[in-house]
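Peer 1: The task is simple: from the sequences and hints, build the whole structure.
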Amino acid sequence: GAVVSQHPSWVICKSGTSVKIECRSLDFQATTMFWYRQFPKQSLMLMATSNEGSKATYEQGVEKDKFLINHASLTLSTLTVTSAHPEDSSFYICSARDKREPYNEQFFGPGTRLTVL
Amino acid sequence: AQSVTQLDSHVSVSEGTPVLLRCNYSSSYSPSLFWYVQHPNKGLQLLLKYTSAATLVKGINGFEAEFKKSETSFHLTKPSAHMSDAAEYFCVVSDRNFNKFYFGSGTKLNVKP
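Those protein sequence lines, which keep their order, are chains A and B. For the first sequence, my numbering assigns the number 1497 to the last residue and increments by one with no breaks. For the second sequence, my numbering assigns the number 715 to the last residue and increments by one with no breaks.
Calculated from the structure, these hints are not laboratory results. Note that the structure is a prediction, hence the values are computed from the model and not measured. We put the CB at the ideal spot given by N, CA and C, even for glycine. Take these hints with a grain of salt, some might be off.
Unchecked claim - Only some residues are given here: those of chain B computed to face chain A with a beta carbon under 7 Å:
hint : residue
1    : G645
2    : L646
3    : G708
Peer 2: In structure tokens:
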């Protein structure tokens, strides 16, 4: 149980294009999903928290107009990197928290590697 | 504010010998602490978690960690390393509502044959 999937697992795009990454909770409902970014050989940094049916909360320094997050259902959140540039190349990981108690765990997806040329 | 410090960026052990990955935390209240493992190009897998129950926490794959409040530590141990344990390990502390996870900088474990 508690499986989170991400699609695609990797993507290469040209500079200036937009890329959408999906995060799905497969066997549970998630009222809250989280998006992280991980640079090579570094730790995970929280980008934003999304709650189903409401606007995402972005961490300081994260451009909300560049990283669009939508959490339209209890099992799906999407991250769209708009007008991507090479500096956006990174490993993006989502996590989801089950709406049922206990609330003390986040289940992580396998990650999406984005390369912007 | 909450934070964790992983004291070693790299640890190298021989197969069959004990593993010790060190983590110190800082928290303004009784913390919840986690250890996650990340294999290359993979997502994170939960090894174990401490949420104010027993101070000695047993996890998967033979790993365990002990919460020591007096030392503000949550070190991860395993009696005997296996080649498959080679990966990156992250110590994590959460905020009071489990809305934010604060990750340590990670410890890369190398297991030599």
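Peer 1: Could you run down the list of hints and mark each one as holding or not?
Peer 2: Checked hints:
| no. | hint | in the structure |
| --- | --- | --- |
| 1 | G645 | holds, 4 Å |
| 2 | L646 | holds, 4 Å |
| 3 | G708 | holds, 5 Å |
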